[in-house]
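**Student:** Note that the sequence shown ends on residue 308 in our numbering; no numbers are left out.
Keep in mind that the hints were calculated from the coordinates and are not lab data. Mixed in with the good hints there might be a few duds.
Here are the computed lysine-lysine pairs in the DSSO-like style, where the Cα-Cα straight-line distance is at most 27 Å [stated by the list, open to error]:
#	residue 1	residue 2
1	180	104
2	79	104
3	233	271
4	180	271
5	39	104
6	271	79
7	294	306
8	141	250
9	104	210
10	271	210
11	104	306
12	250	180
13	141	178
14	294	79
15	79	306
16	306	141
17	233	210
18	140	250
19	233	104
20	250	306
21	250	294
22	306	271
23	141	233
24	233	79
25	180	79
26	294	140
27	178	250
28	250	271
29	180	39
30	79	141
31	79	140
32	140	39
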Amino acid sequence: MTRDINLRYVDETYDENGLLKTYSVHYPDDFNFAYDIVDDIAINDPTRRALVWCDDRGHEKVFTFADIKRLSDKTANYLTEHGIRKGDMVLVVLKHNYQFWYVSIALHKMGAVIIPATFMLKKHDIEYRINSASIKAAIVTSDAPVWQEFDIAENIPTLKFKCMTNSQYNGPCPPGWDDFDEGVEQASEEWKRVPTHVRDMMLIYFTSGTSGNPKMAVHDHSYPIGHILTAKHWHCVVPDGLHWTVAETGWAKNAWGKLYGQWIMEAGLFVYEHNKFDPVEVLNLIEKYR
Numbered sequence: 019m020t021r022d023i024n025l026r027y028v029d030e031t032y033d034e035n036g037l038l039k040t041y042s043v044h045y046p047d048d049f050n051f052a053y054d055i056v057d058d059i060a061i062n063d064p065t066r067r068a069l070v071w072c073d074d075r076g077h078e079k080v081f082t083f084a085d086i087k088r089l090s091d092k093t094a095n096y097l098t099e100h101g102i103r104k105g106d107m108v109l110v111v112l113k114h115n116y117q118f119w120y121v122s123i124a125l126h127k128m129g130a131v132i133i134p135a136t137f138m139l140k141k142h143d144i145e146y147r148i149n150s151a152s153i154k155a156a157i158v159t160s161d162a163p164v165w166q167e168f169d170i171a172e173n174i175p176t177l178k179f180k181c182m183t184n185s186q187y188n189g190p191c192p193p194g195w196d197d198f199d200e201g202v203e204q205a206s207e208e209w210k211r212v213p214t215h216v217r218d219m220m221l222i223y224f225t226s227g228t229s230g231n232p233k234m235a236v237h238d239h240s241y242p243i244g245h246i247l248t249a250k251h252w253h254c255v256v257p258d259g260l261h262w263t264v265a266e267t268g269w270a271k272n273a274w275g276k277l278y279g280q281w282i283m284e285a286g287l288f289v290y291e292h293n294k295f296d297p298v299e300v301l302n303l304i305e306k307y308r
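The task is simple: from the sequences and hints, build the whole structure.
**Tutor:** Structure (structure tokens):
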């Protein structure tokens with residue numbers, strides 16, 4: 019049974035035809051999506067489906083909100099062990115890896131700032147982002163050669179820690195990279211809430227840079243509230259359904275389409291990890307998982 023969590027943060031009225039008439043949002047000064055949405059659902063509705071993930075290699079994983087809480091707590095402890103603290107900038111290049119979702123929640127819990135990026139970054143893109151944002155750590159997929167671009171990047175003195183996902187599929191991590199999945203598995207599940215303010219930085223996207231160098235677009239902890247409208251009145255998600263947005267995790271569409279608003283609406287997310295877009299396979303997956 020859903021608990022209409024979104025109504026804690028929204029005031030809305032409808033006209034006689036059922037159309038949205040007025041809409042406004044409100045939130046406390048200490049609102050944090052990770053604690054107040056994800057952990058709340060995990061504690062009160064632990065078996066609710068949060069994420070269904072599959073890939074073009076035949077793997078499939080299903081995560082409940084309780085799973086996301088547990089894994090994000092472990093991830094927060096793992097990153098803390100490696101020196102990441104509140105306010106630190108963390109570059110996250112995870113393609114469609116399922117780890118992205120609990121990495122995001124972990125960084126929100128820590129008060130660190132997540133900077134998602136596409137796996138298509140090249141050496142100069144990485145250098146520019148790290149130096150522009152004083153990035154301290156990078157969490158990178160081994161499912162694409164982007165990690166090699168990190169290895170040849172130069173003059174990036176703020177980067178102190180690199181870890182890599184999916185070595186279980188792609189072989190041992192190369193020198194200089196920590197095994198993210200192994201580290202999270204060994205980390206403690208005990209995590210105590212870190213105080214954050216709704217106006218603290220939470221998320222940075224670099225723009226496409228079509229008319230010059232990419233610019234940093236900064237979002238604070240109120241940002242997820244803005245996407246209740248997106249999920250509820252644009253995507254029209256339903257709590258027991260699955261919502262699929264095809265965009266990979268490096269693009270802002272990922273935040274709009276398969277994270278914040280959808281989970282506030284208590285809906286499940288569907289994620290397909292693939293190397294080449296195949297429209298026929300998309301239809302097959304919709305038929306299988308709908």
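**Student:** Each of the hints needs a verdict: does it hold here or not?
**Tutor:** Okay, the hints, checked on the actual structure:
Our distance criterion of 27 Å between C-alpha atoms is met by residue 180 and residue 104, whose separation comes to about 18 Å. Pair hint residue 79 plus residue 104 does not hold up; C-alpha atoms about 30 Å apart against a cutoff of 27 Å. A hinted pair counts as satisfied when its Cα atoms are at most 27 Å apart, and residue 233 with residue 271 qualifies at roughly 17 Å. The suggested pairing of residue 180 with residue 271 holds, with an alpha-carbon distance near 25 Å, which does not exceed 27 Å.
Taking the CA atoms of residue 39 and residue 104, the gap is near 40 Å; set against the 27 Å cutoff, the hint is violated. Distance hint between residue 271 and residue 79 is fulfilled; the C-alpha atoms sit about 23 Å from each other, no more than 27 Å. The straight-line distance between the Cα atoms of residue 294 and residue 306 is roughly 19 Å, inside the 27 Å bound, and the hint therefore holds. Only pairs whose Cα atoms come within 27 Å are accepted, and residue 141 paired with residue 250 is rejected, the gap being roughly 39 Å.
For the suggested pair residue 104 and residue 210, the alpha carbons sit about 13 Å apart, so the restraint of at most 27 Å is met. Annotation: proposed proximity of residue 271 to residue 210 is violated, straight-line Cα distance about 31 Å (limit 27 Å). Among the hinted pairs, residue 104 with residue 306 is inconsistent with the structure: their alpha-carbon atoms are about 41 Å apart, more than 27 Å. At roughly 37 Å between alpha-carbon atoms, residue 250 and residue 180 are farther apart than 27 Å, so this suggested pair is violated.
Our distance criterion of 27 Å between C-alpha atoms is met by residue 141 and residue 178, whose separation comes to about 17 Å. Proximity of residue 294 to residue 79 is assessed by CA-CA distance (about 20 Å); at most 27 Å being required, the pair is judged to hold. Using a Cα cut-off of 27 Å, the hinted pair residue 79 and residue 306 holds, with the two alpha carbons roughly 14 Å apart. Between the alpha carbons of residue 306 and residue 141 the distance comes to roughly 39 Å, so the proposed pair goes past 27 Å and is violated.
Restraint check for residue 233 and residue 210: the C-alpha separation of about 34 Å exceeds 27 Å, so the hint is violated. A threshold of 27 Å between alpha carbons decides the hint, and for residue 140 with residue 250 the separation of about 37 Å lies outside it, so the pair is violated. With a C-alpha separation of about 23 Å, the suggested pairing of residue 233 with residue 104 holds against the 27 Å cut-off. For the hint pairing residue 250 with residue 306, the CA-to-CA distance comes to about 24 Å; that is within 27 Å, so the pair holds.
Pair hint residue 250 plus residue 294 does not hold up; C-alpha atoms about 30 Å apart against a cutoff of 27 Å. With a C-alpha separation of about 24 Å, the suggested pairing of residue 306 with residue 271 holds against the 27 Å cut-off. A hinted pair counts as satisfied when its Cα atoms are at most 27 Å apart, and residue 141 with residue 233 qualifies at roughly 18 Å. Between residue 233 and residue 79 the alpha-carbon distance is near 35 Å, which puts this suggested pair outside the 27 Å criterion.
Under the criterion of a C-alpha separation no larger than 27 Å, the hint pairing residue 180 with residue 79 is consistent with the structure, at around 25 Å. Only pairs whose Cα atoms come within 27 Å are accepted, and residue 294 paired with residue 140 is accepted, the gap being roughly 19 Å. Of the supplied pair hints, the one linking residue 178 and residue 250 is violated, its CA atoms being roughly 40 Å apart against a limit of 27 Å. As the CA atoms of residue 250 and residue 271 are separated by approximately 16 Å, the hinted pair is consistent with the 27 Å bound.
Among the hinted pairs, residue 180 with residue 39 is inconsistent with the structure: their alpha-carbon atoms are about 48 Å apart, more than 27 Å. As the CA atoms of residue 79 and residue 141 are separated by approximately 32 Å, the hinted pair breaks the 27 Å bound. Proximity of residue 79 to residue 140 is assessed by CA-CA distance (about 30 Å); at most 27 Å being required, the pair is judged violated. Distance check on the hinted pair: residue 140 and residue 39 sit about 47 Å apart at the alpha-carbon level, beyond 27 Å; violated.
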